[in-house]
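S.K.: Sequence:
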Amino acid sequence: MRVLVIANPLAGSSGNRWRIGPPALELLQVTLQKMGVEFDLHLTIGPGDASETARAAALNGYDLVVAAGGDGTVHEVVNGLAGTPAQLGLIPIGTENVLAREMGIPFSIEKACVHMLGSEPRDIDLGLCGDRYFACFAGVGFDGFVASNLNAELKDAIGSFAYVWTALEKVAEYRGQERLLRLVADGLAVEEMPFWQMMVGNIQAYGGNLRPTPRARVDDGLLDVVVLPAKDFPSMIQQVMAVATGSHLDLADVLYLQVRELRVETIPPEQVQLDGEVDGLTPVLIRVVPGALRARF
251 MRVLVIANPL AGSSGNRWRI GPPALELLQV TLQKMGVEFD LHLTIGPGDA SETARAAALN
311 GYDLVVAAGG DGTVHEVVNG LAGTPAQLGL IPIGTENVLA REMGIPFSIE KACVHMLGSE
371 PRDIDLGLCG DRYFACFAGV GFDGFVASNL NAELKDAIGS FAYVWTALEK VAEYRGQERL
431 LRLVADGLAV EEMPFWQMMV GNIQAYGGNL RPTPRARVDD GLLDVVVLPA KDFPSMIQQV
491 MAVATGSHLD LADVLYLQVR ELRVETIPPE QVQLDGEVDG LTPVLIRVVP GALRARF
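Going by the working numbering, the sequence shown runs without a break in its numbering and finishes at 547.
For the record, the hints were derived by calculation from the structure and aren't laboratory data.
Worth double-checking, as some hints may not be accurate.
[What the hints assert, rightly or not] When the alpha-carbon atoms are kept at most 20 angstroms apart in a straight line, the in silico SDA-like pairs for lysine to any residue are as follows:
no., residue 1, residue 2
1, Lys361, Gln283
2, Lys420, Ala439
3, Lys420, Glu403
4, Lys481, Leu418
5, Lys361, Glu276
6, Lys361, Pro479
7, Lys420, Gln454
8, Lys361, Val253
9, Lys420, Gln283
10, Lys420, Val528
11, Lys284, Arg372
12, Lys481, Pro518
13, Lys284, Ala402
14, Lys284, His365
15, Lys481, Val504
16, Lys420, Glu511
17, Lys284, Val364
18, Lys481, Arg465
19, Lys481, Asp503
20, Lys420, Pro518
21, Lys481, Glu527
22, Lys420, Asp503
23, Lys284, Lys361
Everything numeric in this text was worked out from a predicted model, so none of it was measured.
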(Lines of atoms letter the chains of each structure in order from A and count residues from 1; the text may use other names and numbers.)
(Lines give C-alpha, C1' and ligand atoms only; values in the text may rest on other atoms or scores of the structure.)
Protein backbone atom coordinates (compact mmCIF):
# COMPACT_ATOMS: atom_id res chain seq x y z
CA MET A 1 0.00 0.00 0.00
CA ARG A 2 1.42 3.37 -1.03
CA VAL A 3 0.95 5.98 1.68
CA LEU A 4 1.42 9.75 1.59
CA VAL A 5 1.27 11.87 4.74
CA ILE A 6 0.31 15.51 4.15
CA ALA A 7 1.19 17.50 7.27
CA ASN A 8 0.50 21.13 8.06
CA PRO A 9 3.47 22.38 10.13
CA LEU A 10 1.34 25.26 11.47
CA ALA A 11 -1.66 23.19 12.62
CA GLY A 12 -2.89 23.69 16.17
CA SER A 13 -2.65 26.63 18.52
CA SER A 14 0.65 27.56 20.13
CA GLY A 15 -0.56 25.97 23.36
CA ASN A 16 -1.42 22.66 21.69
CA ARG A 17 1.00 19.97 22.90
CA TRP A 18 0.44 18.05 19.65
CA ARG A 19 1.18 21.00 17.40
CA ILE A 20 2.72 19.49 14.27
CA GLY A 21 6.14 21.01 14.84
CA PRO A 22 9.29 18.87 15.03
CA PRO A 23 8.29 16.85 18.18
CA ALA A 24 4.84 15.83 16.90
CA LEU A 25 6.08 15.25 13.37
CA GLU A 26 8.87 13.04 14.66
CA LEU A 27 6.41 11.09 16.81
CA LEU A 28 4.12 10.56 13.82
CA GLN A 29 6.98 9.30 11.66
CA VAL A 30 8.38 7.03 14.37
CA THR A 31 4.93 5.58 15.08
CA LEU A 32 4.29 4.72 11.43
CA GLN A 33 7.78 3.26 11.07
CA LYS A 34 7.28 1.06 14.14
CA MET A 35 4.06 -0.20 12.59
CA GLY A 36 5.98 -1.17 9.45
CA VAL A 37 4.34 1.45 7.25
CA GLU A 38 6.36 2.78 4.34
CA PHE A 39 5.27 6.33 3.56
CA ASP A 40 6.21 9.57 1.87
CA LEU A 41 5.87 12.89 3.69
CA HIS A 42 4.81 16.27 2.35
CA LEU A 43 4.80 19.44 4.47
CA THR A 44 2.34 22.02 3.19
CA ILE A 45 3.71 25.39 2.13
CA GLY A 46 0.57 27.51 1.90
CA PRO A 47 -3.15 27.68 1.09
CA GLY A 48 -4.23 25.23 -1.61
CA ASP A 49 -1.07 23.14 -1.42
CA ALA A 50 -2.66 20.24 0.49
CA SER A 51 -5.50 20.00 -2.03
CA GLU A 52 -3.16 20.02 -5.04
CA THR A 53 -0.83 17.50 -3.42
CA ALA A 54 -3.67 15.14 -2.51
CA ARG A 55 -5.09 15.26 -6.04
CA ALA A 56 -1.66 14.57 -7.54
CA ALA A 57 -1.15 11.68 -5.10
CA ALA A 58 -4.45 10.09 -6.12
CA LEU A 59 -3.59 10.44 -9.80
CA ASN A 60 -0.16 8.93 -9.20
CA GLY A 61 -1.42 5.78 -7.56
CA TYR A 62 -1.20 6.43 -3.82
CA ASP A 63 -3.65 4.21 -1.94
CA LEU A 64 -3.87 6.16 1.33
CA VAL A 65 -3.45 9.91 1.80
CA VAL A 66 -3.19 10.94 5.45
CA ALA A 67 -4.18 14.46 6.51
CA ALA A 68 -2.11 15.37 9.59
CA GLY A 69 -3.40 18.74 10.69
CA GLY A 70 -6.58 20.56 11.62
CA ASP A 71 -9.90 21.19 9.93
CA GLY A 72 -8.37 23.41 7.24
CA THR A 73 -5.90 20.72 6.20
CA VAL A 74 -8.62 18.07 6.17
CA HIS A 75 -10.87 20.33 4.09
CA GLU A 76 -8.16 20.76 1.47
CA VAL A 77 -7.22 17.07 1.35
CA VAL A 78 -10.90 16.09 1.05
CA ASN A 79 -11.23 18.39 -1.96
CA GLY A 80 -8.17 16.81 -3.52
CA LEU A 81 -9.36 13.22 -3.01
CA ALA A 82 -13.10 13.55 -3.75
CA GLY A 83 -14.12 11.29 -6.60
CA THR A 84 -10.85 9.34 -6.64
CA PRO A 85 -10.13 5.78 -5.42
CA ALA A 86 -7.50 6.99 -2.93
CA GLN A 87 -8.46 6.64 0.73
CA LEU A 88 -8.43 9.43 3.33
CA GLY A 89 -6.76 8.92 6.70
CA LEU A 90 -6.87 11.41 9.59
CA ILE A 91 -4.35 12.26 12.29
CA PRO A 92 -6.07 15.09 14.24
CA ILE A 93 -3.63 17.88 15.08
CA GLY A 94 -5.47 21.17 15.06
CA THR A 95 -7.81 23.60 16.77
CA GLU A 96 -11.16 21.76 16.53
CA ASN A 97 -10.77 18.56 14.48
CA VAL A 98 -14.52 18.29 13.95
CA LEU A 99 -14.54 15.35 11.52
CA ALA A 100 -12.14 13.38 13.71
CA ARG A 101 -14.40 13.90 16.73
CA GLU A 102 -17.45 12.77 14.79
CA MET A 103 -15.70 9.64 13.54
CA GLY A 104 -14.35 8.69 16.97
CA ILE A 105 -10.69 9.06 16.04
CA PRO A 106 -8.39 9.19 19.11
CA PHE A 107 -6.57 12.45 19.82
CA SER A 108 -3.28 10.67 20.52
CA ILE A 109 -0.94 10.36 17.55
CA GLU A 110 -0.07 6.74 18.34
CA LYS A 111 -3.69 5.71 18.93
CA ALA A 112 -4.88 7.61 15.86
CA CYS A 113 -2.38 5.71 13.69
CA VAL A 114 -3.53 2.37 15.12
CA HIS A 115 -7.18 3.34 14.61
CA MET A 116 -6.57 4.43 11.01
CA LEU A 117 -4.61 1.38 9.91
CA GLY A 118 -6.98 -0.99 11.70
CA SER A 119 -10.11 0.45 10.09
CA GLU A 120 -11.77 -0.93 6.99
CA PRO A 121 -12.19 1.54 4.11
CA ARG A 122 -15.70 2.96 3.81
CA ASP A 123 -17.48 5.29 1.42
CA ILE A 124 -18.85 8.52 2.88
CA ASP A 125 -20.96 11.32 1.44
CA LEU A 126 -19.72 14.84 0.87
CA GLY A 127 -21.54 18.11 0.44
CA LEU A 128 -20.81 20.20 -2.64
CA CYS A 129 -21.24 23.99 -2.62
CA GLY A 130 -20.48 25.44 -6.02
CA ASP A 131 -17.26 23.65 -6.94
CA ARG A 132 -16.00 23.05 -3.36
CA TYR A 133 -16.66 19.96 -1.27
CA PHE A 134 -17.27 19.91 2.47
CA ALA A 135 -17.14 16.92 4.79
CA CYS A 136 -18.77 18.50 7.84
CA PHE A 137 -20.78 21.71 7.47
CA ALA A 138 -21.68 24.59 5.24
CA GLY A 139 -22.74 27.68 7.15
CA VAL A 140 -24.56 30.77 5.92
CA GLY A 141 -25.00 33.82 8.11
CA PHE A 142 -23.37 34.58 11.43
CA ASP A 143 -20.79 31.77 11.44
CA GLY A 144 -19.62 32.80 7.98
CA PHE A 145 -19.40 36.38 9.22
CA VAL A 146 -17.32 35.23 12.20
CA ALA A 147 -15.05 33.08 10.02
CA SER A 148 -14.42 36.00 7.68
CA ASN A 149 -13.49 38.24 10.63
CA LEU A 150 -11.34 35.71 12.50
CA ASN A 151 -7.86 36.93 13.40
CA ALA A 152 -5.24 34.29 12.56
CA GLU A 153 -2.90 35.45 15.33
CA LEU A 154 -5.70 35.24 17.89
CA LYS A 155 -6.58 31.72 16.71
CA ASP A 156 -2.92 30.71 17.02
CA ALA A 157 -2.77 32.11 20.55
CA ILE A 158 -6.01 30.79 22.08
CA GLY A 159 -7.21 28.09 19.67
CA SER A 160 -10.93 27.44 19.39
CA PHE A 161 -11.72 30.20 21.92
CA ALA A 162 -10.87 32.64 19.12
CA TYR A 163 -14.21 31.78 17.49
CA VAL A 164 -16.09 32.55 20.72
CA TRP A 165 -14.14 35.78 21.22
CA THR A 166 -14.82 36.93 17.66
CA ALA A 167 -18.50 35.99 17.91
CA LEU A 168 -18.94 38.04 21.08
CA GLU A 169 -17.02 40.93 19.58
CA LYS A 170 -19.04 40.98 16.34
CA VAL A 171 -22.57 39.98 17.38
CA ALA A 172 -23.76 43.55 17.97
CA GLU A 173 -22.50 44.59 14.53
CA TYR A 174 -24.12 41.58 12.84
CA ARG A 175 -27.58 41.83 14.41
CA GLY A 176 -27.96 45.45 13.37
CA GLN A 177 -29.42 44.50 9.97
CA GLU A 178 -32.41 42.35 9.00
CA ARG A 179 -31.61 39.36 6.80
CA LEU A 180 -34.00 37.31 4.69
CA LEU A 181 -33.52 33.71 3.59
CA ARG A 182 -35.03 32.09 0.51
CA LEU A 183 -34.63 28.33 0.05
CA VAL A 184 -35.57 25.85 -2.65
CA ALA A 185 -35.28 22.36 -1.16
CA ASP A 186 -35.28 19.50 -3.67
CA GLY A 187 -37.21 21.69 -6.10
CA LEU A 188 -39.79 22.95 -3.60
CA ALA A 189 -39.75 26.59 -2.48
CA VAL A 190 -39.66 27.20 1.27
CA GLU A 191 -41.45 30.26 2.65
CA GLU A 192 -39.15 33.29 2.88
CA MET A 193 -38.06 33.96 6.45
CA PRO A 194 -35.87 36.28 8.50
CA PHE A 195 -32.80 34.46 9.82
CA TRP A 196 -29.41 34.92 11.42
CA GLN A 197 -27.90 31.46 10.93
CA MET A 198 -28.32 28.47 8.64
CA MET A 199 -26.23 25.30 8.84
CA VAL A 200 -26.13 22.45 6.34
CA GLY A 201 -24.65 19.35 7.95
CA ASN A 202 -23.18 16.19 6.52
CA ILE A 203 -22.42 15.12 10.10
CA GLN A 204 -23.81 15.92 13.55
CA ALA A 205 -20.78 17.54 15.23
CA TYR A 206 -20.21 21.22 14.52
CA GLY A 207 -17.55 22.39 16.97
CA GLY A 208 -17.38 23.06 20.66
CA ASN A 209 -19.53 19.93 21.27
CA LEU A 210 -22.49 21.52 19.45
CA ARG A 211 -24.72 19.20 17.39
CA PRO A 212 -27.09 21.41 15.39
CA THR A 213 -28.02 18.61 12.95
CA PRO A 214 -28.58 15.63 15.28
CA ARG A 215 -30.21 13.44 12.61
CA ALA A 216 -27.33 13.71 10.14
CA ARG A 217 -25.48 10.62 8.97
CA VAL A 218 -22.33 10.63 6.89
CA ASP A 219 -23.58 7.87 4.59
CA ASP A 220 -27.35 8.39 4.23
CA GLY A 221 -27.31 10.29 0.92
CA LEU A 222 -28.83 13.39 2.57
CA LEU A 223 -27.78 16.74 3.98
CA ASP A 224 -29.46 18.06 7.13
CA VAL A 225 -30.45 21.73 7.26
CA VAL A 226 -31.22 23.80 10.35
CA VAL A 227 -32.32 27.44 10.17
CA LEU A 228 -32.33 29.72 13.21
CA PRO A 229 -34.80 32.56 12.59
CA ALA A 230 -34.01 36.12 13.63
CA LYS A 231 -36.56 37.94 15.76
CA ASP A 232 -34.56 39.82 18.36
CA PHE A 233 -31.41 39.43 20.45
CA PRO A 234 -33.12 37.51 23.30
CA SER A 235 -34.42 35.03 20.71
CA MET A 236 -30.90 34.58 19.35
CA ILE A 237 -29.60 33.81 22.84
CA GLN A 238 -32.47 31.37 23.44
CA GLN A 239 -31.68 29.56 20.20
CA VAL A 240 -27.95 29.37 20.94
CA MET A 241 -28.67 27.90 24.38
CA ALA A 242 -31.12 25.44 22.84
CA VAL A 243 -28.50 24.26 20.33
CA ALA A 244 -25.98 23.93 23.18
CA THR A 245 -28.38 21.71 25.15
CA GLY A 246 -29.67 19.81 22.12
CA SER A 247 -33.23 21.07 22.54
CA HIS A 248 -33.42 23.44 19.56
CA LEU A 249 -35.63 21.11 17.52
CA ASP A 250 -38.29 21.60 20.20
CA LEU A 251 -38.53 25.30 19.31
CA ALA A 252 -41.49 25.89 17.01
CA ASP A 253 -39.79 28.51 14.85
CA VAL A 254 -36.61 26.50 14.14
CA LEU A 255 -36.67 24.93 10.67
CA TYR A 256 -35.14 21.47 10.13
CA LEU A 257 -34.95 19.76 6.73
CA GLN A 258 -33.26 16.76 5.13
CA VAL A 259 -32.46 17.36 1.47
CA ARG A 260 -30.44 16.21 -1.51
CA GLU A 261 -30.19 19.67 -3.06
CA LEU A 262 -30.66 23.16 -1.65
CA ARG A 263 -30.69 26.51 -3.43
CA VAL A 264 -29.86 29.34 -1.05
CA GLU A 265 -30.50 33.03 -1.60
CA THR A 266 -30.23 35.74 1.03
CA ILE A 267 -31.01 39.44 1.17
CA PRO A 268 -28.46 40.93 1.46
CA PRO A 269 -25.80 38.45 0.20
CA GLU A 270 -24.29 36.55 3.12
CA GLN A 271 -20.87 35.02 3.75
CA VAL A 272 -20.59 31.24 3.30
CA GLN A 273 -18.18 29.01 5.22
CA LEU A 274 -17.32 25.40 4.38
CA ASP A 275 -15.79 23.38 7.22
CA GLY A 276 -14.67 26.66 8.77
CA GLU A 277 -13.09 28.02 5.59
CA VAL A 278 -14.52 31.20 4.06
CA ASP A 279 -15.99 30.48 0.62
CA GLY A 280 -17.69 33.45 -1.03
CA LEU A 281 -21.21 34.84 -0.81
CA THR A 282 -24.77 33.71 -1.46
CA PRO A 283 -26.58 32.80 -3.67
CA VAL A 284 -25.27 29.22 -3.75
CA LEU A 285 -26.36 25.74 -4.77
CA ILE A 286 -25.57 23.04 -2.22
CA ARG A 287 -26.05 19.34 -2.89
CA VAL A 288 -25.01 15.98 -1.51
CA VAL A 289 -22.62 13.72 -3.43
CA PRO A 290 -23.25 10.20 -2.09
CA GLY A 291 -20.17 8.04 -1.57
CA ALA A 292 -17.85 10.73 -2.93
CA LEU A 293 -14.95 9.88 -0.62
CA ARG A 294 -13.23 6.65 0.40
CA ALA A 295 -12.03 6.91 4.01
CA ARG A 296 -10.34 4.87 6.73
CA PHE A 297 -12.16 5.62 9.99
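S.K.: Hints first: check each against the structure and report whether it holds.
M.R.: Hint check:
Between the alpha carbons of Lys361 and Gln283 the distance comes to roughly 14 angstroms, so the proposed pair stays at or under 20 angstroms and holds. Only pairs whose Cα atoms come within 20 angstroms are accepted, and Lys420 paired with Ala439 is rejected, the gap being roughly 31 angstroms. At most 20 angstroms may separate the alpha-carbon atoms for a hinted pair to count; Lys420 and Glu403 meet this at roughly 17 angstroms. The suggested pairing of Lys481 with Leu418 holds, with an alpha-carbon distance near 18 angstroms, which does not exceed 20 angstroms.
The straight-line distance between the Cα atoms of Lys361 and Glu276 is roughly 15 angstroms, inside the 20 angstroms bound, and the hint therefore holds. Taken as a hint, the Lys361 and Pro479 pair is broken in the structure, with Cα atoms around 42 angstroms apart against an allowance of 20 angstroms. Of the supplied pair hints, the one linking Lys420 and Gln454 is violated, its CA atoms being roughly 26 angstroms apart against a limit of 20 angstroms. Proximity of Lys361 to Val253 is assessed by CA-CA distance (about 18 angstroms); at most 20 angstroms being required, the pair is judged to hold.
At roughly 47 angstroms between alpha-carbon atoms, Lys420 and Gln283 are farther apart than 20 angstroms, so this suggested pair is violated. For a cut-off of 20 angstroms, the pair hint linking Lys420 to Val528 stands: about 16 angstroms separates their Cα positions. Proposed proximity of Lys284 and Arg372 is contradicted: the alpha carbons are some 25 angstroms apart, above 20 angstroms. The suggested pairing of Lys481 with Pro518 holds, with an alpha-carbon distance near 17 angstroms, which does not exceed 20 angstroms.
A threshold of 20 angstroms between alpha carbons decides the hint, and for Lys284 with Ala402 the separation of about 36 angstroms lies outside it, so the pair is violated. Under the criterion of a C-alpha separation no larger than 20 angstroms, the hint pairing Lys284 with His365 is consistent with the structure, at around 15 angstroms. Simply put, Lys481 and Val504 have alpha-carbon atoms about 12 angstroms apart, close enough for the 20 angstroms limit, and the pair holds. Annotation: proposed proximity of Lys420 to Glu511 is violated, straight-line Cα distance about 31 angstroms (limit 20 angstroms).
A threshold of 20 angstroms between alpha carbons decides the hint, and for Lys284 with Val364 the separation of about 11 angstroms falls inside it, so the pair holds. With a C-alpha separation of about 26 angstroms, the suggested pair Lys481 and Arg465 falls outside the 20 angstroms cut-off, and the hint is violated. A distance of roughly 10 angstroms separates the Cα atoms of Lys481 and Asp503; the hinted pair therefore holds under the 20 angstroms criterion. Pair hint Lys420 plus Pro518 holds up; C-alpha atoms about 18 angstroms apart against a cutoff of 20 angstroms.
At most 20 angstroms may separate the alpha-carbon atoms for a hinted pair to count; Lys481 and Glu527 exceed this at roughly 27 angstroms. Pair hint Lys420 plus Asp503 does not hold up; C-alpha atoms about 24 angstroms apart against a cutoff of 20 angstroms. Taken as a hint, the Lys284 and Lys361 pair is honoured in the structure, with Cα atoms around 13 angstroms apart against an allowance of 20 angstroms.
Of the hints listed earlier, those the structure fails to meet are numbers 2, 6, 7, 9, 11, 13, 16, 18, 21, 22, in rising order.
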